[in-house]
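Top to bottom, those sequences are chains D and F. Read in UniProt numbering, the first sequence has 333 at position 333, and its numbers run on one by one without any break. Read in UniProt numbering, the second sequence has 125 at position 125, and its numbers run on one by one without any break.
Source of the hints: derived by calculation from the structure; they are not laboratory data. For clarity, every value in this text was computed on a predicted model and none was experimentally measured. Hints are supplied without guarantee of correctness; some may be wrong.
Distance condition first, Cα-Cα at most 27 Å in a straight line; then the derived DSSO-like pairs of lysine-lysine [unchecked claim]:
no. : chain 1 : residue 1 : chain 2 : residue 2
1   : F       : Lys39     : D       : Lys22
2   : D       : Lys362    : F       : Lys247
3   : D       : Lys31     : D       : Lys134
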Amino acid sequence: MASHGVRRVTANQVRTEQARQKELQQITEYKDLVDLVNTKCSYKIAEIQYTIEVLALTTKLLTENPEYYTIWNHRRRILQQLFTPPSASDSSIPPSADKSVLDFVSDDLRFTFSLLKQFPKCYWIWNHRRWALKAGESLLQTSIARQLWLAEFELVGKMLRADSRNFHAWSYRRFVVAQLERIPASSDMTGSSTDADKSMVEAEFAYTTKMIKTNLSNFSAWHNRSKLIPRLLDQRQADEIARRKMFDNELSQIDVAINTDPWDQSIWYYHQFLMSTLSPTNPRDSAIMLELNNHDRLRYYEQEIGGIRDILEDETDCKWIYESLLQYAPFYLEIEGGTKMFTTLDMREWLSQLRRLDPLRKGRWDDLERSLSL
Amino acid sequence: MSLVSGPGRGGITDDRLPHELRLFVDKHVCYIQSLDTRKDELEYWLTEHLRLSGLYWGLTALHLLGRPDGLPRNEVLDFVMSCMHDNGGFGAAPGHDAHMLYTISAVQILATLDAFGELEERVGGGRQKIGQYIASLQDTTTGTFAGDEWGETDTRFLYGALNALSLLGLLDLVNINQAVEHIQECANFDGGYGTSPGAESHAGQIFTCVAALSIAGRLDLVDRDKLGGWLSERQLKNGGLNGRPEKKEDVCYSWWVASSLAMIGRLHWIDAEKLTKFILNCQDPELGGFADRPGNMVDVFHTVFGIAGLSLVKYAGLVEVDPVYCMPLAVTKRALGKLK
Ligand SMILES: [Zn+2]
Numbered sequence: 001m002a003s004h005g006v007r008r009v010t011a012n013q014v015r016t017e018q019a020r021q022k023e024l025q026q027i028t029e030y031k032d033l034v035d036l037v038n039t040k041c042s043y044k045i046a047e048i049q050y051t052i053e054v055l056a057l058t059t060k061l062l063t064e065n066p067e068y069y070t071i072w073n074h075r076r077r078i079l080q081q082l083f084t085p086p087s088a089s090d091s092s093i094p095p096s097a098d099k100s101v102l103d104f105v106s107d108d109l110r111f112t113f114s115l116l117k118q119f120p121k122c123y124w125i126w127n128h129r130r131w132a133l134k135a136g137e138s139l140l141q142t143s144i145a146r147q148l149w150l151a152e153f154e155l156v157g158k159m160l161r162a163d164s165r166n167f168h169a170w171s172y173r174r175f176v177v178a179q180l181e182r183i184p185a186s187s188d189m190t191g192s193s194t195d196a197d198k199s200m201v202e203a204e205f206a207y208t209t210k211m212i213k214t215n216l217s218n219f220s221a222w223h224n225r226s227k228l229i230p231r232l233l234d235q236r237q238a239d240e241i242a243r244r245k246m247f248d249n250e251l252s253q254i255d256v257a258i259n260t261d262p263w264d265q266s267i268w269y270y271h272q273f274l275m276s277t278l279s280p281t282n283p284r285d286s287a288i289m290l291e292l293n294n295h296d297r298l299r300y301y302e303q304e305i306g307g308i309r310d311i312l313e314d315e316t317d318c319k320w321i322y323e324s325l326l327q328y329a330p331f332y333l334e335i336e337g338g339t340k341m342f343t344t345l346d347m348r349e350w351l352s353q354l355r356r357l358d359p360l361r362k363g364r365w366d367d368l369e370r371s372l373s374l
Numbered sequence: 001m002s003l004v005s006g007p008g009r010g011g012i013t014d015d016r017l018p019h020e021l022r023l024f025v026d027k028h029v030c031y032i033q034s035l036d037t038r039k040d041e042l043e044y045w046l047t048e049h050l051r052l053s054g055l056y057w058g059l060t061a062l063h064l065l066g067r068p069d070g071l072p073r074n075e076v077l078d079f080v081m082s083c084m085h086d087n088g089g090f091g092a093a094p095g096h097d098a099h100m101l102y103t104i105s106a107v108q109i110l111a112t113l114d115a116f117g118e119l120e121e122r123v124g125g126g127r128q129k130i131g132q133y134i135a136s137l138q139d140t141t142t143g144t145f146a147g148d149e150w151g152e153t154d155t156r157f158l159y160g161a162l163n164a165l166s167l168l169g170l171l172d173l174v175n176i177n178q179a180v181e182h183i184q185e186c187a188n189f190d191g192g193y194g195t196s197p198g199a200e201s202h203a204g205q206i207f208t209c210v211a212a213l214s215i216a217g218r219l220d221l222v223d224r225d226k227l228g229g230w231l232s233e234r235q236l237k238n239g240g241l242n243g244r245p246e247k248k249e250d251v252c253y254s255w256w257v258a259s260s261l262a263m264i265g266r267l268h269w270i271d272a273e274k275l276t277k278f279i280l281n282c283q284d285p286e287l288g289g290f291a292d293r294p295g296n297m298v299d300v301f302h303t304v305f306g307i308a309g310l311s312l313v314k315y316a317g318l319v320e321v322d323p324v325y326c327m328p329l330a331v332t333k334r335a336l337g338k339l340k
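With the hints as extra help, turn the sequences into a complete structure.
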């Protein structure tokens, strides 16, 4: 009911009678399976059959249709039942064929992994993985639970190698990292470890560096980096010199990237992020430098505006250059010390270039012209 | 079959427009009406878990096309009520578990059909029950909302909760300030919002966060120029819109991006004419319906968001859409006005 990227079949490619009969047969088989699972799991009847056999039926059905969320719910209810060993007083529940909680959780991780390879964007599969791990964790030894999360961390790395922009995979990575930070490694189970020992922020920062080196256009990686740097600096208890060094390194890195390929949107967005941290109203939780005065700010604006203008010598048809110049110009003018590095005439020229190169956003350039009083 | 709209409606002058600018209204109506007759296709059964939302998409598309009676009102109402659970939530179809997503669709359909009175007749205290179900899904530590008892949280559910509760006139059942604070935590430097704190900006999530802020009366928290700039960059040369930088265009983003721009008063920052052409190009001119991209398979999801996108950019003859709710503006005005 919501398909993406599937080519349309034209009206004259109607099904043959044979194909129709085959499809009707498939429908009957599918509906029979649905009815069977729902009957066995329906909580309206007194004797719900939460058994290994019914669990296997949900596996079969979810393999055919992983979007069927109610079946995932059934599966979780079955597993919750199977996780609890039958008490001697209650002989109505059959034993779980000697399978341990770890066996069940491992099976579900394998099962959902095979589904994710086919359906990497299906919310319900990702959800079920989270649930299986969380439910397992509450019943397993901490060291085993940690092993499972570590394996999960490996897996999400694989998923991101396959599609480095997969939205679900990036969210899931942040989630798994948070779990690993929550559960300490066995060596520091004594409780002597500090938050910094458990934190993975350094490793995650290094991971974004690796991802960006592979592909500069990976905005997901740049985004994660923008969230990690403020945390990283706080955790390192970085002084102002170290903070400035971090900022300068990031800026020179992104300046090189801009010079290499000024057409890449992702790079400009990261540049904007860095520049946005210069603002006096920048929130503390996304701060890089903490002690900035207007002199510092002016120096950075001058340096960046100058650097971006230099690219114009080789590249006059890239709209991002003009857009950035006009974006940073007002900040510069707000604290400008008298020695203007550009004139209103320059700004008018940048704007007319923008209009020429980017007519789609004409309304925006009209508004910009008004707001800058050009 | 005539290409003009039903009696009493002016404006749609299809047969005088060049082919590429025509909206095939009757084809789309037929397509939507045919959706429930496709029981001999496996796809019909494989998508049962979306049925109630599919009904909301189809019904809304018909209303925007000016054919509010395109589906039999009583049958629609019967089906909606058959999805309701004792706890006040709705599943996607009878026998499917209750979930926030389908509860929102149910409320949107009831509002569109002006059927809250009939809800009370069929289920005493029904309105309150639905409100209580939605309110029970608010996470009282973070302010966000879960989709169901299993606890997955997402700004999609937060928006849905505020959408449905406002239509029901029951916003006071939840902690709005805490929900607003949560949205603030999902904000990014580019002016956009993600699924949860720390997540990358994404046009779909931006729609949910901006619309939720709009319902909460807190659009003052949005950096309109920054967000408007980011959203406007989603338009590609072919006129279509994408959801994130370096991604492909897709008709459903015509809605997520353009409605967000409309809510912050920046819709004129993209080229409406080119967007119109792109959306129209995604129609199936023979059998009706819209696809994600030209030449692809149509579905009712892209059909409603394609038509709603056209309505936003004022395609002649279409009923005006409310960018906050993706419902006809006259419907939301009636529902929200009645409750004041
Ligand atoms: Zn789409």
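A quick look at each hint next to the structure:
{"no.": "1", "hint": "F:Lys39 / D:Lys22", "in the structure": "14 Å, holds"}
{"no.": "2", "hint": "D:Lys362 / F:Lys247", "in the structure": "22 Å, holds"}
{"no.": "3", "hint": "D:Lys31 / D:Lys134", "in the structure": "32 Å, violated"}
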